[in-house]
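Engineer: Listed here are the chains, written in short residue letters.
Protein chains: 2
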Amino acid sequence: MEQEELNTLIQFLKMPSVSATGEGIEETANYLKETVERVLGVKAYVEKTKGHPVVYSEINVKAKKTLLVYNHYDVQPVDPLNEWKYGPFSATVEDGKIYARGASDNKGTLMARLFAIKHLLDKNELGVNVKLLYEGEEEIGSINLEDYIERNANKLKADSVIMEGAGLDAKGRPQIVLGVKGLLYVELVLDYGMRDLHSSNAPIVRNPCIDLMKIIDSLVDSNGRVLIDGFYDDIRELSIEEKELIRKYDINVEELKANLGFKEIKYEEKEKIAEALLTYPTCNVDGFECGYTGKGSKTIVPHKAFAKLDFRLVPNQDPYKIFELLKKHLQKVGFKGEIITHGFEYPVRTSPNSAVVKAMIESAKKVYKVEPQVIPNSAGTQPMGLFVNKLGIKDAVSAIGVGGYHSNAHAPNENIKIEDYFKAISHTEEFLRIYSNIS
Amino acid sequence: MEQEELNTLIQFLKMPSVSATGEGIEETANYLKETVERVLGVKAYVEKTKGHPVVYSEINVKAKKTLLVYNHYDVQPVDPLNEWKYGPFSATVEDGKIYARGASDNKGTLMARLFAIKHLLDKNELGVNVKLLYEGEEEIGSINLEDYIERNANKLKADSVIMEGAGLDAKGRPQIVLGVKGLLYVELVLDYGMRDLHSSNAPIVRNPCIDLMKIIDSLVDSNGRVLIDGFYDDIRELSIEEKELIRKYDINVEELKANLGFKEIKYEEKEKIAEALLTYPTCNVDGFECGYTGKGSKTIVPHKAFAKLDFRLVPNQDPYKIFELLKKHLQKVGFKGEIITHGFEYPVRTSPNSAVVKAMIESAKKVYKVEPQVIPNSAGTQPMGLFVNKLGIKDAVSAIGVGGYHSNAHAPNENIKIEDYFKAISHTEEFLRIYSNIS
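Taken in sequence, the protein lines are chains A and B. Counting along the first sequence from 1, when you hit position 285 you're at 285 in our numbering, and nothing is skipped either side. In our numbering, each number is its position in the second sequence, counted from 1, plus 439.
These are calculated hints, taken from the structure and not from any lab test. Remember, predicted model here, so these are calculated numbers, not experimental data. A portion of the hints provided could be inaccurate.
Claimed, not checked - Some residues of chain A that are not near chain B, with every Cβ distance over 10 angstroms (derived):
# : residue
1 : Leu-81
2 : Arg-173
3 : Ser-351
Said to hold, decoys possible - Here are the simulated DSSO-like cross-link-like pairs (lysine-lysine), alpha carbons at most 30 angstroms apart as the crow flies:
#  : chain 1 : residue 1 : chain 2 : residue 2
4  : A       : Lys-390   : B       : Lys-734
5  : B       : Lys-711   : A       : Lys-304
6  : A       : Lys-298   : B       : Lys-653
7  : A       : Lys-270   : B       : Lys-653
8  : A       : Lys-263   : A       : Lys-295
9  : B       : Lys-504   : B       : Lys-805
10 : B       : Lys-743   : A       : Lys-336
11 : B       : Lys-734   : A       : Lys-328
12 : B       : Lys-805   : B       : Lys-653
13 : B       : Lys-805   : A       : Lys-332
14 : A       : Lys-321   : A       : Lys-332
15 : B       : Lys-771   : A       : Lys-266
16 : A       : Lys-390   : B       : Lys-737
17 : A       : Lys-336   : B       : Lys-705
18 : B       : Lys-766   : B       : Lys-653
19 : B       : Lys-653   : B       : Lys-524
20 : A       : Lys-33    : A       : Lys-155
21 : A       : Lys-295   : B       : Lys-771
22 : A       : Lys-263   : B       : Lys-696
23 : B       : Lys-709   : A       : Lys-304
24 : B       : Lys-743   : A       : Lys-257
25 : B       : Lys-702   : A       : Lys-304
26 : B       : Lys-696   : A       : Lys-336
27 : B       : Lys-696   : A       : Lys-332
28 : A       : Lys-50    : B       : Lys-737
29 : B       : Lys-596   : B       : Lys-760
30 : B       : Lys-504   : A       : Lys-304
31 : B       : Lys-771   : A       : Lys-263
32 : A       : Lys-336   : B       : Lys-702
33 : A       : Lys-214   : B       : Lys-702
34 : A       : Lys-298   : B       : Lys-702
35 : A       : Lys-171   : A       : Lys-366
36 : B       : Lys-524   : B       : Lys-610
37 : B       : Lys-734   : A       : Lys-336
38 : A       : Lys-304   : A       : Lys-270
39 : B       : Lys-711   : A       : Lys-336
Even glycine gets a Cβ: it sits at the ideal position worked out from N, Cα and C.
Extracted from the complex, chain A is given alone in its bound form (with noise of 0.2 angstroms):
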């Protein structure tokens, strides 16, 4: 049975399936949808989108809860291969780890999820309707799934989803995560003419660059406070508990400057740094153009200047009303440009209370044997917004992740113990035995 595990996951690493490229993607999904059909028994889906295709199933137990279980089968680009030091796509099994594009992020954890039901459905003991959605696009932004989820709302209902994204942490903990910070992106395009000018001409025409960053400067002031009216209205305090779990986040300072590997971080005191990364909303400049860039000197007034903005929300920030914000302050300042848009995501956060969760901790402290990692949300964003938002699914958690502090995901040599990712499908057994009984 484990040799079969082991061996079905290999099989699934060998497979390339770059989003960015789309190396593999048909191939691999036809895989997926084939060995959902061959382990669990039940009828797959390949699924079209306008990008790379779903593969979706139902194992319906007729039981009084369903989970959706996201996750995905696309993969980074190997770059730069010469610094792997075996084939990204060889699967090679060494000192008890496997290597390979995709093992932690990923793959590993899809596929540990995917046994655990089975051994559930083996023993007839599957007390949960599940409901398996894998993507192809996550690494590229998850970009139709949003359009895959409206079209088939009333396919996808459940109580709860779980996502991928957790792992373990430096000391092998389990991280679950309890939701995720919301975006707004937006990119701001000054154009006041039809090509730079000699910069002879300063003294009559006015300077997009210099114009643009004082509209940047009115967004946000130097210690990073957001100045659009209104920005912070609709955030909800935290909870208790919350607040609880914020002051356990154990954040190693020392090793989190050294992995940023910049001069100054803003926090020196583990809480507040962990206060920052997790409740703290921001604008922040992800780029900025605008005349001359090369080598040397140029002397012009650029006609065109543009800056693309972050702005990651908290709860209960609504993407959409912060856009309609920012646009009455552009406009209250002077802003005469363009206003193009790259992205609206939801912020979450799941009550430490609700099942899902309960069962998580519960399950990761039975198999594991420490203490999880509760963390209440991320810093970063993940697409669980769209599952909270556009399906009406209450409850979301990110957890059961293969991978480590030494996993490497989106790097060359990424790679998972392989016992982390029998470990994985012992979590998710416990952890559907558990949830399928508490309320």
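Given chain A, put chain B in place with the hints provided.
Structural biologist: Using the frame of chain A, we list chain B on its own:
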């Protein structure tokens, strides 16, 4: 005689001398040396610099006054080649015009001045000592001219200098430009770390892009007023004559607007535009870059941002002093990055009552039979300040140009009218005659 003057110019124009690539530079410098020797019967020298050579010669008639004549033998690159009607170094004659790269800027002017000196020498009527300085790097920013001038300061001593750069305006009036704006060019670099970070870290690190924008914001207000303490202190008031020249500066506002191609310009009235262009010092952003500037979105905190800024200066602002004031300001506002300098140039504004200017105006009237356009200084910058500040030459003027509004300097199909070439010879001859007799 006229045929020789035309043939010599055409031969000169057929020689590529692209300073940016080095193409033909050496051959052209040698040809120019030989031409000076052949036409004037004096020794000429190809003198080394750290870059392309200078061609130098002296005609000493033991007069009281000495005039330095500055021109350059290098030209701009010819791209885009497919937009030329004739080969850029074919020097094709059509409808009374010569088409060639460098015809207007500034081989025509150089050669016209040479033959004017010959006319006077032949008639034994040259009443002023002349020093000829032909640079080979004007089109790449005169990068080694300062060093050359410093090393040859004694040799280059003169009472006045005539520069190139002026021409005929749209109404055919010769321009006489009495000065230039100065320049300080700096690059500011803020680098906070080793690599860009995922923007989920925005709450805990400073964004160099936002910080650099706020620095620039502190340098200049939205009306273009420079906010550096002491920036305006040394500016000398305009004389009554200079004010009068600015008032009379004949700008065609509609044509200017069409040429600029910007949606708006700051001023509508001719006098205000002239005042701004010629007398307002500026702080201009030539370029700015940070983070992700490709298509779509990427969520990062960039580790690095840089800005290129030019300050155009007016008499008697000193670029080195302004740089000290800038550094003081940057310290005051907490700038913790690197400052790279790309240039210091002094502003110049020669008195309209100086001998060289009076002679230039009088000779222009005589030859062109119109009121010349006398402009207190250009809106741009030229190495004129080097001659005034490094050599202590009191009076400098840019005048006697063969190019007009049709000439496409720096563009495809550069051309001059053959009659303007011969007029420039006459103008130079008259100028030298009057200048040698004026006090």
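Engineer: Look at each hint and say if it fits the structure.
Structural biologist: Outcome of the hint check:
With a cut of 10 angstroms on Cβ distances, Leu-81(A) stays outside the contact zone with chain B, its closest approach being about 20 angstroms. Every C-beta of chain B lies more than 10 angstroms from that of Arg-173(A), the closest at about 20 angstroms, which supports listing it as non-interface. Under the 10 angstroms C-beta cut-off, the non-interface status given to Ser-351(A) relative to chain B holds; the minimum distance is some 22 angstroms. With a C-alpha separation of about 27 angstroms, the suggested pair Lys-390(A) and Lys-734(B) falls inside the 30 angstroms cut-off, and the hint holds.
Taken as a hint, the Lys-711(B) and Lys-304(A) pair is honoured in the structure, with Cα atoms around 25 angstroms apart against an allowance of 30 angstroms. Only pairs whose Cα atoms come within 30 angstroms are accepted, and Lys-298(A) paired with Lys-653(B) is accepted, the gap being roughly 23 angstroms. A C-alpha spacing of about 29 angstroms is found between Lys-270(A) and Lys-653(B), which places the hinted pair at or below 30 angstroms, so the restraint holds. For the hint linking Lys-263(A) to Lys-295(A), the alpha-carbon distance of about 25 angstroms falls within 30 angstroms, and the restraint holds.
A C-alpha spacing of about 22 angstroms is found between Lys-504(B) and Lys-805(B), which places the hinted pair at or below 30 angstroms, so the restraint holds. For the suggested pair Lys-743(B) and Lys-336(A), the alpha carbons sit about 28 angstroms apart, so the restraint of at most 30 angstroms is met. Straight-line distance between C-alpha atoms of Lys-734(B) and Lys-328(A) comes to about 26 angstroms, which keeps the hinted pair within the 30 angstroms bound. Distance check on the hinted pair: Lys-805(B) and Lys-653(B) sit about 55 angstroms apart at the alpha-carbon level, beyond 30 angstroms; violated.
At roughly 58 angstroms between alpha-carbon atoms, Lys-805(B) and Lys-332(A) are farther apart than 30 angstroms, so this suggested pair is violated. Note on Lys-321(A) and Lys-332(A): the hinted pairing holds, with a Cα-Cα distance of about 17 angstroms set against a maximum of 30 angstroms. A distance of roughly 21 angstroms separates the Cα atoms of Lys-771(B) and Lys-266(A); the hinted pair therefore holds under the 30 angstroms criterion. For the given pair, Lys-390(A) sits about 24 angstroms from Lys-737(B) by alpha-carbon distance, which is consistent with the 30 angstroms threshold.
For a cut-off of 30 angstroms, the pair hint linking Lys-336(A) to Lys-705(B) stands: about 16 angstroms separates their Cα positions. Simply put, Lys-766(B) and Lys-653(B) have alpha-carbon atoms about 16 angstroms apart, close enough for the 30 angstroms limit, and the pair holds. At roughly 49 angstroms between alpha-carbon atoms, Lys-653(B) and Lys-524(B) are farther apart than 30 angstroms, so this suggested pair is violated. With a CA separation close to 18 angstroms, the supplied pair Lys-33(A) and Lys-155(A) stays within the 30 angstroms bound.
Between the alpha carbons of Lys-295(A) and Lys-771(B) the distance comes to roughly 28 angstroms, so the proposed pair stays at or under 30 angstroms and holds. Under the criterion of a C-alpha separation no larger than 30 angstroms, the hint pairing Lys-263(A) with Lys-696(B) is inconsistent with the structure, at around 47 angstroms. With a CA separation close to 26 angstroms, the supplied pair Lys-709(B) and Lys-304(A) stays within the 30 angstroms bound. A C-alpha spacing of about 17 angstroms is found between Lys-743(B) and Lys-257(A), which places the hinted pair at or below 30 angstroms, so the restraint holds.
At most 30 angstroms may separate the alpha-carbon atoms for a hinted pair to count; Lys-702(B) and Lys-304(A) meet this at roughly 12 angstroms. A distance of roughly 20 angstroms separates the Cα atoms of Lys-696(B) and Lys-336(A); the hinted pair therefore holds under the 30 angstroms criterion. The straight-line distance between the Cα atoms of Lys-696(B) and Lys-332(A) is roughly 28 angstroms, inside the 30 angstroms bound, and the hint therefore holds. Using a Cα cut-off of 30 angstroms, the hinted pair Lys-50(A) and Lys-737(B) holds, with the two alpha carbons roughly 21 angstroms apart.
Between Lys-596(B) and Lys-760(B), the direct Cα distance comes to roughly 26 angstroms. Compliance with the 30 angstroms bound is thereby established for this hinted pair. Restraint check for Lys-504(B) and Lys-304(A): the C-alpha separation of about 50 angstroms exceeds 30 angstroms, so the hint is violated. Pair hint Lys-771(B) plus Lys-263(A) holds up; C-alpha atoms about 21 angstroms apart against a cutoff of 30 angstroms. Among the hinted pairs, Lys-336(A) with Lys-702(B) is consistent with the structure: their alpha-carbon atoms are about 12 angstroms apart, no more than 30 angstroms.
For a cut-off of 30 angstroms, the pair hint linking Lys-214(A) to Lys-702(B) stands: about 20 angstroms separates their Cα positions. Annotation: proposed proximity of Lys-298(A) to Lys-702(B) holds, straight-line Cα distance about 23 angstroms (limit 30 angstroms). The straight-line distance between the Cα atoms of Lys-171(A) and Lys-366(A) is roughly 17 angstroms, inside the 30 angstroms bound, and the hint therefore holds. A C-alpha spacing of about 25 angstroms is found between Lys-524(B) and Lys-610(B), which places the hinted pair at or below 30 angstroms, so the restraint holds.
Under the criterion of a C-alpha separation no larger than 30 angstroms, the hint pairing Lys-734(B) with Lys-336(A) is consistent with the structure, at around 21 angstroms. A hinted pair counts as satisfied when its Cα atoms are at most 30 angstroms apart, and Lys-304(A) with Lys-270(A) does not qualify at roughly 42 angstroms. Between the alpha carbons of Lys-711(B) and Lys-336(A) the distance comes to roughly 25 angstroms, so the proposed pair stays at or under 30 angstroms and holds.
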